[in-house]
Each structure stands twice: as structure tokens, then as C-alpha cells.
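Trainee: Going down the list, the protein sequences come from chains L and S. Position one of the first sequence corresponds to residue 1 (the numbering used here), numbered consecutively onward. Position one of the second sequence corresponds to residue 1001 (the numbering used here), numbered consecutively onward.
These aren't lab readings, by the way, just hints derived from the structure by calculation. Hints are supplied without guarantee of correctness; some may be wrong.
In silico SDA-like pairs for lysine to any residue, Cα to Cα no more than 25 Å straight-line [as the list claims (entries may be wrong)]: (1) S:Lys-1055 with S:Cys-1100; (2) L:Lys-203 with L:Pro-390; (3) L:Lys-355 with S:Gly-1020; (4) S:Lys-1164 with S:Ala-1194; (5) S:Lys-1055 with L:Arg-526; (6) L:Lys-341 with S:Ser-1182; (7) L:Lys-355 with S:Val-1201.
Label-pair ranges, simulated between beta-carbon atoms [stated by the list, open to error]: (8) L:Pro-350 with S:Pro-1133: 53 to 61 Å; (9) L:Arg-296 with S:Phe-1129: 41 to 49 Å; (10) S:Pro-1067 with L:Pro-12: 24 to 32 Å.
Facing chain S, from chain L, some residues (calculated, C-beta under 10 Å) [claimed, not checked]: (11) Val-51; (12) Ile-175; (13) Gly-343; (14) Glu-486; (15) Cys-488.
Idealized CB from N, CA, C, for every residue including glycine.
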Amino acid sequence: MQTAVDAWGREPTQLLQVLRETQESLGYLPPGALERVSDALGVSIARVRGVVAFYSFLHAEPQGEYRVLFSDNVTDRMRGSADRLRELGQRLWVEPGKVSEDGLVSLGRTSSVGLDDHAPGLLVNGRPVPEVDAARATLLGDLILGRVPLAEWPPELFVIEDQVRRADVMLTDPIRPGEAILAALARGEADGTGPQATLEEIKSARLLGRGGAGFTTGVKWESCSRQPVTPRVVVCNADEGEPGTFKDRLLLGRYADLVFEGMTVAAWGIGATLGFVYLRGEYRYLLDALRQTLERRRRDGLLGRSICGREGFDFDVQIHVGAGSYVCGEASALVESLEGKRGIPRNRPPRLAEKGYLGLPTVVNNVESYCAAALIVLRGADEFRSRGTPRSSGTKLLSVSGDCARPGVYEYPFGVTVRQVLEDSGAAGTIAVQAGGPSGTCLGQDEFDRRIAFEDIETGGAFIVFDGSRDMFEVARHFAHFFAEESCGFCTPCRVGTSLLRNLMDKIRDGKGSQHDLLTIEELGRLLGKASHCGLGESASKPLLGTLRRFRPAYERRLGSSAVEPAFDLDGALARARRMTGRDDPGAHLEEAP
Amino acid sequence: MSEPRPTFQLDGTECPFTPGQTVLQAALAAGRHIPHLCYHPEFKPHGSCKLCTVKVGGWHATSCTLPAKEGLVVESDTEEVNAERRMLVQLLFVEGNHFCPSCEKSGNCKLQATAYELGMTSPRFDHFFPDRPVDASHPDLLLDFNRCILCELCVRASAEVDGKQVFALAGRGMGKHLVVNSPSGLLRDSAIAASDKAAEVCPVGVILRKRVGFSTPVGQRRFDERPISAQAAEYAPRPPQGD
Chain L
1 MQTAVDAWGR EPTQLLQVLR ETQESLGYLP PGALERVSDA LGVSIARVRG VVAFYSFLHA
61 EPQGEYRVLF SDNVTDRMRG SADRLRELGQ RLWVEPGKVS EDGLVSLGRT SSVGLDDHAP
121 GLLVNGRPVP EVDAARATLL GDLILGRVPL AEWPPELFVI EDQVRRADVM LTDPIRPGEA
181 ILAALARGEA DGTGPQATLE EIKSARLLGR GGAGFTTGVK WESCSRQPVT PRVVVCNADE
241 GEPGTFKDRL LLGRYADLVF EGMTVAAWGI GATLGFVYLR GEYRYLLDAL RQTLERRRRD
301 GLLGRSICGR EGFDFDVQIH VGAGSYVCGE ASALVESLEG KRGIPRNRPP RLAEKGYLGL
361 PTVVNNVESY CAAALIVLRG ADEFRSRGTP RSSGTKLLSV SGDCARPGVY EYPFGVTVRQ
421 VLEDSGAAGT IAVQAGGPSG TCLGQDEFDR RIAFEDIETG GAFIVFDGSR DMFEVARHFA
481 HFFAEESCGF CTPCRVGTSL LRNLMDKIRD GKGSQHDLLT IEELGRLLGK ASHCGLGESA
541 SKPLLGTLRR FRPAYERRLG SSAVEPAFDL DGALARARRM TGRDDPGAHL EEAP
Chain S
1001 MSEPRPTFQL DGTECPFTPG QTVLQAALAA GRHIPHLCYH PEFKPHGSCK LCTVKVGGWH
1061 ATSCTLPAKE GLVVESDTEE VNAERRMLVQ LLFVEGNHFC PSCEKSGNCK LQATAYELGM
1121 TSPRFDHFFP DRPVDASHPD LLLDFNRCIL CELCVRASAE VDGKQVFALA GRGMGKHLVV
1181 NSPSGLLRDS AIAASDKAAE VCPVGVILRK RVGFSTPVGQ RRFDERPISA QAAEYAPRPP
1241 QGD
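Between the sequences and the hints, there should be enough to build the whole structure, so can you do that?
Mentor: Given below as C-alpha cells:
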């Protein structure tokens, strides 16, 4: 605990980072550790406990020596993750969500860990293992039962082969470190406008945010630069939590210089001195390499004081690591989390550009947006606009996964049709595509000529393919569970509504659904879309409403016959009593209703 | 007043406001009721219960946090919006354990009064029946978490008025819950006093004073007399700072 406090400092803003690192050394967060953190940081014990209970990777209860978390996206399930989890649980004598009696292993599920191109994936003590087939699961069981230290596990278990299937301007030609920064400085020299020249170039390129929301980056930067308050803050949203997205994993792993270059260019443009990367907890394994890149860039004069020899151009970047929370991908929730709090989206106004991190003017952009910004400053807005459509300029990275022969990252100019992507990725017999992940759009066969572009299908980049062997009801039910799990609980419609939707979907799966339940799903779904506090709640019902519209028979064939069917199962409620009394004779069962 | 105050339209009639007010604040100040639960005139708007949702230019917005602006056209008391509010109240009822007939807050409870106001006749959805323990450790105060609607008024009151931070929130989603700031987690060991703002601000029946529960008989309580909307003026906000 002391080491973590020494490393991060005694500010309340460091609460999450201190807790996370304390847990890394202790395995979990015992009450005494929480009290010491509370004292050291001057944060009430209730708030400390509140934060621990918010993030799914923080544990107040003892965990196993080996902590195995199966990635639980629909792509993982399609590749047999449920079977692997069950087999491993039987082998290790532990139920999912629990710790084994001997404290050796804890087993569980977590929302997508960003290995959809190598599904099914899992994390062991934070380290990713891709492509967990039956043989790998058996090997994992052997290693754990043999108590082999993680450091001695076969290294090939952890190798993730990045698969760039189609490269355009961003992925073909990595820039030399410092190139874009020098270009930004030179632009300002050439027309004598200094940082404004960078803002103008970004605006002229019409760069729209790549995280999915599509806000105009140049406008965001300019409004931040006009705030009379300093220091200003540049934040990189590397909380790539949308299930089915993994392109930021590639950028952070192989194009980290481009990411930092973009952040530094942004800092120059808006006059920021503070920089943060908010790295999702699932990507903790990328942290050390990222820190080394930052260190090299400091040595090379590309970060720190007087960047590229320019007096007064000071900017540095710190990496904060998340702890398992999807909602922290929402920009204002991310900023709350950066401040060491529970990740609850803020009320707007004020916008983050006015009052963001600790009330300072702040820009938050997606990893890919910073990469695009670096390329715009380096090669010019005209070059950038030469790709894409008039309203969606440039290229987009798509994370293609699911039922296709060639999953991986595809870089396309905006405007590419869904059909083209399906062809290129070797998808056959496709019945649906979930573009943009669970919060995105479900597309049926008659929509495959639609285009990936802000004016048609907006997407953060997830592109999950389903063929005829898939049951779209089960896909939607899975997404309903995802949103109920990840709702932050701030607002009524999302907190309660996502859980009700999940329960209704389970009820239908159990054959107890009725037409009335479908109407209720639609009505609740509309309420969530209209009255929720943030994008999570607004989009939580989209997969259900979308599949209900396009794949209604998948729901209807599960319905019971009557118009209303109770969720409560009277005979089922007696099951516990039967277990306790050891009875299972006909007299211990209620008669079937006529 | 020398200059006419700016106005926006609320359900077809003009509603004056003071710059800096939100739509809900201005409406209440003008004696117009918009249903709400997590809003309280003495605290910064919070925007979590969503009961005060209104429609503005075809979009839904939370009126307690929406800054009032000249010319806004706000729809509040419409069948559509009230139906949504009714559903939100139903969600709050099924989320917790609310048994009005046996609750000592009955008649003084804003959740109950708002449900009546919105014509809620049944909880409609399946109850969650959560397992929420009661904290009776304090000599003067009782905490019955079963009725908590997570409005955070006690959290805000304790931090902003009492300067104590007795309450905080923990967890997320349906696991979100109120916690007490003390080493044991019990109210007895916290810094709360019965005279604290936090002890009186609860809109439902979570924070209760012991031994006075039925000193006013059911039937003669605040919302037994008049519906909550008729008491809108009593919730009128204090003027914005600097006025």
C-alpha cells in the first residue's frame, strides 16, 4: 500500500490508482488496507468502499492465487467460451464467480476483454490468453493445479497476433516520432498564427470523433483553447470497452507513437500542459510498453519541457488504468474516474471543454482520433479529406469478428458498404451484422448495401458478423445481460430498466414469455432511449428493439400461448423445499395447470 | 421591476425565470409543479431520478438541470410525458421494498404522493424483492434501506450542509446502495446527529426518527391533505446565489 501511495501521491484523485496497485500486490483489498488508503489520501472510508464496490476488478474479498476471468462477449460465446468455463470449473472444483476452497483459483466472467479476433479469450491475473480452445483450457488447468508460477507458463500462451487485414493511410506507413509535432510547429511558423494553425487544419479536415459519437474534433479543441483557465488538459480515451472493438488494442500496442504524437499535437493546439491516457483495466498488460514509449519520448525531447526545443511548449502524459467498468468509456464518466471517483457520467452543461478534469478545460478524444489528428497535421487536411465521403472524411478502423474467415482490423475509407466488409472478411451466409457493438445498430440482410459513415451507419468500429447458425434472440439476450451488468446505476430508467429487460429476456428464454412481454420490452426500451442520463442507457435497449424489428420470429417461437404469462413459477418455488426434504415424488410437485 | 423578466413557454403559457435558474427551479418559483424526487431547492440539481423529464423541441431533457432560456418551448403536463413518469415511479417501486400500508412515512412520502399524483394503480413490473438489511444501531435514528430510491439527498445534505459526509454511495447498477461512513459501517459509529440536515431530508422512509413515527396519525399527514402538486409553491427554490 505504501509503495502505491509513494508512487501516486496522497491526492484523493489518485484513489483508484492506489487501490488498483495495492490490490496488485495483495491480491485483494482487505479492510485494513482500505482504512490505510482512506487515511493516507484523506478520503472517507465510505467513499473508499464505494469506489471498490463500483469497479468490477477491485475486490474487498479474498481472491484465488490464480484469477481466471473469461471474456464474456457474444463472440466468445460463439466460439465455445461457456463450455470452456464449465470444463475448467469442473476440473478446478470451483463455480464461476467463486474462489476454490483451497484458495488456489477464482473463476469468473467479465465483459469483453477486447480479444474478439482471437475468441474465446480470458485474463489470468490480468494477462490475456487468446484462443482458448479445449486443449488450451486443459493446459491452463494443468498449470494451475501444478501451481506453476505465471512467469513460468509457456510464453506462447500469451501471444496475441495482431491481424491487420486491410491497411490504408493510418496503418501502412508509421510516422517517425516527432514528425507530426514538427509539422505542427512549422505550420504555425509559416503563417505566423502559432497553435491556431493546428486548430484550423483539424477543423478544415472535418475530423469527427472516432469513438462513435462523431463530435467535430476541431470545434471541441477550439472551444477548449478559448477557455481563459489554465492548465488545460488533454485526455486520451483508451477505455475501449464496447464489446467487439479491439482496434485501439492494435493502435496502443503497435502505433503508440502515433497516439502520443496526436495527443502532443492537441496539447500544442489548445495550449494544454497536462495529459492523461485512461487505459482500460483489461489492457493493463499494455502498460509497461506504453510507459517505456513515454520515457523514450521524454528522452528525445518529444514530451516534458520545451518540446522539440520550443520554449514554453510543455506537456507530459500520465497513464491511469481503469478497473473494469464499461461506462467509464463515456467521456465525463472517464473524467470522474480519472479523479479517483466512481465513474458516473456528469450533468451537462458545463461541457468538459469548459470544466473537465478537476474543473479544468479538458478535451477527451478516442485513441484513433488522436492518430488521425497526427496524420492531418503531418500530411494536411486536403490529403485527409481525399478519402471518405464529403460528410465523413478520412478512414475508419473496423474491428471485424464473429462468423467470418478473416477476423481482424480493417482500415477503410468512410463510405464502404457492409457487403464489401463481409466479402473482404470472408463471411458467408451472413444473416446479421452488429455494427458498433451492443450500443450500435443491428443490420439485417436487406441492409448490407448501407455504408459505414456518420451519415449512415455510425460506429465506433465494432463489426460483429452472425451467420445462419446463430440465434439472434440469444444475441440480444446476451447484450441485455451486458447492459444490466454495466449500468452505473445513477439514473432510474437505466438502473432499473436494464435489469427488468434482462429479466424479461430470461423469462422469454424459459418459455414463459407472452406477447404482453414483447410490448413491455418495447415500451421500456423507448423509455430508456428517451429518459436515460447517458449514452449507455439510451442505447441499452437498441439491440432488443432492433432484433425485435428484424428477427421477431426468433422471439415469437419461444412465447407461451396465452396473452399474459406470469414470471413466477409456483412449482419451481418448491424446488428448494424438495431439495431440503430429499423428496421428488409426485406429491412433492404441484399438478400441471390445465 | 424595471425590465420584464425573460420567459419560456411551459405547457403553452409563459413562465418567467431569473437567469441562472433551471427550468424546474423557474417552474416551482412560479408555483407550477413538475414532478420530481431527487431535486430539493436547497441543493444543487442532481438529475438522477428523471421524474422531472420534460420534452423540449421534440427531445427529452431533465428539467432540474436544464438551464432556462428565453423562448424554450417546454412540454411537461402531457399524457405522453406523464405516462413516462408513471413508468419511472413504477420502476422505483419494484426496485425496492415499498409497503405503503405498513410504512410510517405513509402520507409524508414523496414517492407515494407522486405515484398518486401520476395515477399509478399498480407496480406493473415484477418486483425485485432485494435483500436490504435495516440499521437500527443509532439511539435516535433508524435506517430502513428497503425504501431507498438513491436520490442522494442525504449524501448531499451531510456533505454540503452538515459538513460530515455521513453517507456515500457504493456499487453500481442494481447493486448500487447507500453506505454509512464509519469504520463498522453502522450509523451508531458515524458522526450523524439527530439535528442534522441529513436526518430530515429523506423524501421517502429510509431515515426515520425513532419514537415519533405515528405522532401524526395516518390520514392527517402532509399529502393526505392536499396532493403534492398543490404544494408546489412550498418547494419554491431559494433565489440563485448573488441575487
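Trainee: Starting from Lys-355 (chain L), check that the Cα of Gly-1020 (chain S) is at most 25 Å away, please.
Mentor: holds, 17 Å
Trainee: A closest beta-carbon separation below 10 Å is what the hint needs, so does Cys-488 (chain L) meet it against chain S?
Mentor: OK, holds: Cys-488 (chain L) within 10 Å of chain S, min 5 Å.
Trainee: Assuming the hint says 53 to 61 Å, is it satisfied by the Cβ distance from Pro-350 (chain L) to Pro-1133 (chain S) or not?
Mentor: Cβ of Pro-350 (chain L) to Cβ of Pro-1133 (chain S): about 39 Å, so the range 53 to 61 Å is violated.
Trainee: With a cut-off of 25 Å on the C-alpha distance, tell me whether Lys-341 (chain L) and Ser-1182 (chain S) pass.
Mentor: holds, 19 Å
Trainee: Would you say the C-beta atoms of Pro-1067 (chain S) and Pro-12 (chain L) sit inside 24 to 32 Å of each other?
Mentor: Holds, at about 29 Å.
Trainee: Given the proposed pairing of Lys-1055 (chain S) with Arg-526 (chain L), does the C-alpha separation stay at or below 25 Å?
Mentor: Holds. Lys-1055 (chain S) to Arg-526 (chain L) sits at ~14 Å (cutoff 25 Å).
Trainee: Between Lys-355 (chain L) and Val-1201 (chain S), is the straight-line Cα distance small enough, at 25 Å or below?
Mentor: Violated, because 29 Å separates the two Cα atoms, which is more than 25 Å.
Trainee: Can you verify the interface hint for Val-51 (chain L): is its Cβ closer than 10 Å to any Cβ in chain S?
Mentor: With Cβ-Cβ at 8 Å, under 10 Å, it holds.
Trainee: Any CB of chain S closer than 10 Å to the CB of Ile-175 (chain L)?
Mentor: violated, 40 Å
Trainee: Has the given pair, Lys-1164 (chain S) with Ala-1194 (chain S), been kept, meaning a C-alpha gap of at most 25 Å?
Mentor: Holds: Lys-1164 (chain S) and Ala-1194 (chain S) sit about 13 Å apart, inside 25 Å.
Trainee: Does the Cβ distance between Arg-296 (chain L) and Phe-1129 (chain S) fall inside 41 to 49 Å?
Mentor: Between Arg-296 (chain L) and Phe-1129 (chain S), where Cβ atoms are some 57 Å apart, the hint is violated.
Trainee: Are the Cα atoms of Lys-203 (chain L) and Pro-390 (chain L) separated by 25 Å or less?
Mentor: holds, 14 Å
Hint violations for this structure: numbers 1, 7, 8, 9 and 12, all remaining hints satisfied.
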